[in-house]
Every structure is written in C-alpha cells, then in structure tokens.
Amino acid sequence: MIVAGFYLGWIMTDIPGFTPTKLKYFSWHKWIGVTVFALAVIRLAWRLTHRAPEMPLGMAPLQKLAAEAAHVMLYALMLVIPISGYLYSSAAGIQVVYLGIVPLPTLIGPDTALKAMLRIVHIWLNYTLLALVTVHVLAALKHHFVDRDGLLARMIPFLK
Amino acid sequence: MKTPFLRWILAATTVASLSLGAAHAQVDTSKSTVTAISKQMNVPVDGTFKKFTAQLNFDPAKPAAGSAKLTIDTASYDLGDESYNAQVRGKDWFDAAQYPNATFVSSAIAPAGGNQFKVSGTLTIKGKSENVTVPVTVAQQGSTQSFDGALPIKRSQFDIGTGEWKDTSVVADEVVIKFHIVANKK
Chain A
182 MIVAGFYLGW IMTDIPGFTP TKLKYFSWHK WIGVTVFALA VIRLAWRLTH RAPEMPLGMA
242 PLQKLAAEAA HVMLYALMLV IPISGYLYSS AAGIQVVYLG IVPLPTLIGP DTALKAMLRI
302 VHIWLNYTLL ALVTVHVLAA LKHHFVDRDG LLARMIPFLK
Chain B
14 MKTPFLRWIL AATTVASLSL GAAHAQVDTS KSTVTAISKQ MNVPVDGTFK KFTAQLNFDP
74 AKPAAGSAKL TIDTASYDLG DESYNAQVRG KDWFDAAQYP NATFVSSAIA PAGGNQFKVS
134 GTLTIKGKSE NVTVPVTVAQ QGSTQSFDGA LPIKRSQFDI GTGEWKDTSV VADEVVIKFH
194 IVANKK
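Just so you know, the sequences run in chain order A and B.
As numbered in my numbering, residues 182 to 341 make up the first sequence, in order.
As numbered in my numbering, residues 14 to 199 make up the second sequence, in order.
Where hints are given, some of them may not hold.
[To be verified] Pair ranges (Cβ atoms, derived):
{"id": "1", "chain 1": "B", "residue 1": "Gly103", "chain 2": "A", "residue 2": "Ile304", "range": "22 to 32 Å"}
{"id": "2", "chain 1": "A", "residue 1": "Ile264", "chain 2": "B", "residue 2": "Gly93", "range": "17 to 27 Å"}
{"id": "3", "chain 1": "A", "residue 1": "Ala250", "chain 2": "B", "residue 2": "Val189", "range": "47 to 57 Å"}
[Claimed, not checked] Selected chain A positions facing chain B (Cβ under 7 Å, derived; list incomplete):
{"id": "4", "residue": "Pro201"}
{"id": "5", "residue": "Ser208"}
{"id": "6", "residue": "Val278"}
{"id": "7", "residue": "Tyr279"}
{"id": "8", "residue": "Gly281"}
{"id": "9", "residue": "Pro286"}
{"id": "10", "residue": "Thr287"}
{"id": "11", "residue": "Leu295"}
{"id": "12", "residue": "Ala297"}
The set of hints was computed from the structure by calculation and includes no laboratory data.
Ideal placement from N, C-alpha and C gives every residue a C-beta, glycine not left out.
My request is simple: use the sequences and hints to build the entire structure.
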C-alpha cells in the first residue's frame with residue numbers, strides 16, 4: 182500500500198495542468214495515505230506492547246544499533262509522511278474526504294507559505310523513506326545470502 | 014413651448030430620478046462575497062469571485078417593488094491556486110475571454126415569511142440562461158442591509174466543464190452559489 186501511494190504520488194505530480202485523472206489520483210493518493218497512517222498506528226501500538234524478536238546472534242553492536250535506528254526511522258516515517266501530506270492538503274485549502282465518504286477535519290487553514298513548505302517536507306520525507314526502504318531490503322538480502330542467518334525467513338514465513 | 018408646464022415636467026422627472034437613486038442601496042463589495050462551491054470526488058472546494066457588482070433596490074415592506082442585478086466577473090474566480098484559476102478561466106469552464114460576465118437579473122420578489130424572501134430571476138452563465146428562484150434571508154441593521162442565500166445549480170446546464178470534465182463522477186454536476194451581499198442605504 183505504501184508502494185502504491187508512493188507510485189501514485191510520483192506519477193500524479195507529473196501530470197501537467199489539471200485533468201480528471203489527476204484529481205482522481207490525488208484523491209486515491211490521500212485515501213491510501215490515511216489508510217497507511219491508521220495501519221501504522223495499529224502496528225506501532227502492537228510493537229510497543231509486544232517484544233520484537235531478538236536480533237540474530239553474531240551481529241556486531243554497531244550493526245545492531247544501525248538496524249535499531251533504521252527501524253525507528255521507518256516507523257516514524259510511516260506516521261510522519263501521511264501527516265505531512267494531510268497538512269499539505271489542509272494548507273492548500275482542500276479537505277480530505279476518506280474514500281469520498283468520510284469528511285476528515287482540516288487541521289490548519291489555507292496558507293500559501295506553509296503549503297509551499299509542507300510540499301517540500303512531504304517530498305523529502307518520501308525520498309528519505311525510499312532510501313531507507315532500499316537499505317532495509319539490501320540489508321535483509323545480505324542477511325539472507327551473505328550471513329545466512331535466517332532473518333529474512335522470519336519476516337517472510339513461507340520462505341524456509 | 015416655454016411654459017411652466019414643461020418646467021414642471023422637468024422638475025418632476027429630476028425629483029423622480031433622484032428619489033429613485035435614493036432608493037437604490039449602495040452595495041459594499043468589500044464586505045460582500047459571492048462563492049461557488051463545487052465537489053471534486055466529494056471534496057467540497059470553495060472558490061470566490063473577487064470582482065462583481067450589484068445593484069439592489071429593496072424595501073422589506075414592499076418586496077414586490079424590489080429588484081436585484083448582479084454582474085460577476087468570471088475571470089476573477091479564485092480557487093486559491095493560480096494554476097487552477099487559469100484552468101477554470103479556460104474554454105472548458107467559464108471561457109472568460111468569450112463570456113467575461115455571469116449575471117443574475119431579478120424578475121420578481123415574493124415574501125416567504127419573516128425575513129425570508131423568494132427572489133426569482135434569470136441566471137446567465139457562459140451565454141446560457143436559466144430561470145431560477147433563490148431563497149434569500151434579509152437582515153437589517155441600522156442603515157445596513159445584508160442579503161444571504163444559496164442557490165444550487167447544475168453546471169452541465171451552463172456548459173461549465175466540457176470535454177473530459179463532463180464526467181460528473183470527478184466534479185459533481187451540482188454547484189452551490191452562495192452569496193452574502195451587504196448594502197448601505199443612502
């Protein structure tokens with residue numbers, strides 16, 4: 182779902198001018214963002230009330246620290262990216278109506294300066310997420326193919 | 014025929030036009046607003062017309078004698094984003110170059126109980142005219158009168174949003190025109 186939201190965000194902003202397709206993509210993108218946020222909150226609540234499995238033995242302390250930091254960042258971005266997008270929409274004076282049914286409150290009023298700022302924030306948080314996800318995937322592949330410590334199989338149950 | 018009679022007629026018409034002018038209320042456009050609210054994928058989107066003029070002549074005691082005329086500069090529609098504004102000024106929407114004004118001219122005003130009145134008239138947008146009746150709430154404060162109302166219209170009846178925009182699943186057919194007109198009696 183995050184991938185779909187990212188992809189829509191990527192292509193919809195490349196559509197020049199103002200077309201019905203663009204409006205649809207914007208709406209879908211926002212619905213996805215709201216859904217991701219809600220699921221991320223549930224995921225985080227779970228993570229905070231349940232112990233995460235131990236890291237594999239034989240990982241260097243620095244590696245463990247890096248992994249820990251990356252995971253904290255991933256969780257933070259799952260929450261902050263939808264929030265920044267939501268505020269961007271509010272600042273642009275456009276309310277988010279979830280699935281076209283549930284009107285969600287606009288948290289801030291229309292504000293041109295804030296809108297421009299939030300746009301940049303939203304974009305760069307996404308680039309950060311893209312970089313982190315890339316690192317996360319590469320690290321998981323390294324654990325699987327280089328360290329052969331069974332970490333990837335833990336994330337993907339039927340891999341074994 | 015330099016007679017007192019002619020002079021009397023002249024004087025009478027002068028007085029009449031003066032008193033007619035006095036009956037006209039001075040519309041304060043800085044305090045008045047005309048908004049059109051559309052729905053995009055069910056998201057209400059407000060836009061305001063920055064430029065318009067209004068001529069009002071209304072006495073709550075004699076509503077039938079009243080009249081209203083609104084002229085709206087379609088190019089002044091502001092959605093809060095210049096790229097969107099440029100789009101709605103274009104041919105698919107207002108075609109402001111061809112049809113710079115949208116107008117409402119009243120034909121009859123009838124009391125509807127209390128401070129409510131029903132104003133009937135002709136609404137013309139993009140060269141298309143429709144007869145409409147809009148409920149208006151009138152409030153009087155000292156010498157200031159305010160007129161509030163909302164009129165739902167179908168944009169398709171006025172060819173607003175042609176081509177790919179005809180699809181009403183993205184931009185709904187119904188658009189609500191809301192107005193708040195403040196006038197000072199001279």
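These are the hints, each one checked on the structure:
1. A hinted range of 22 to 32 Å for the beta carbons of Gly103(B) and Ile304(A) is consistent with their spacing of about 28 Å.
2. The supplied range of 17 to 27 Å is met by Ile264(A) and Gly93(B), whose beta-carbon atoms lie about 21 Å from each other.
3. At about 51 Å, the CB distance of Ala250(A) to Val189(B) agrees with the hint of 47 to 57 Å.
4. Interface hint at Pro201(A): satisfied, since its Cβ lies 4 Å from the closest Cβ of chain B, which is below the 7 Å cut-off.
5. Hint status for Ser208(A) relative to chain B: holds, with the closest Cβ pair at about 4 Å, below 7 Å.
6. Hint on Val278(A) holds. Least Cβ distance to chain B is approximately 5 Å, under the 7 Å limit.
7. Annotation: interface hint on Tyr279(A) violated; nearest CB of chain B at approximately 10 Å, more than 7 Å.
8. For Gly281(A), the interface hint holds, since its Cβ comes within 7 Å of a Cβ in chain B; the closest pair sits about 4 Å apart.
9. With a least beta-carbon distance of about 13 Å to chain B, the hint placing Pro286(A) at the interface is violated under the 7 Å criterion.
10. With a least beta-carbon distance of about 10 Å to chain B, the hint placing Thr287(A) at the interface is violated under the 7 Å criterion.
11. For Leu295(A), the interface hint is violated, the least distance from its beta-carbon to any beta-carbon of chain B being 13 Å, above 7 Å.
12. Evaluation of the Ala297(A) hint against chain B yields a violated restraint, the C-beta minimum of about 11 Å exceeding 7 Å.
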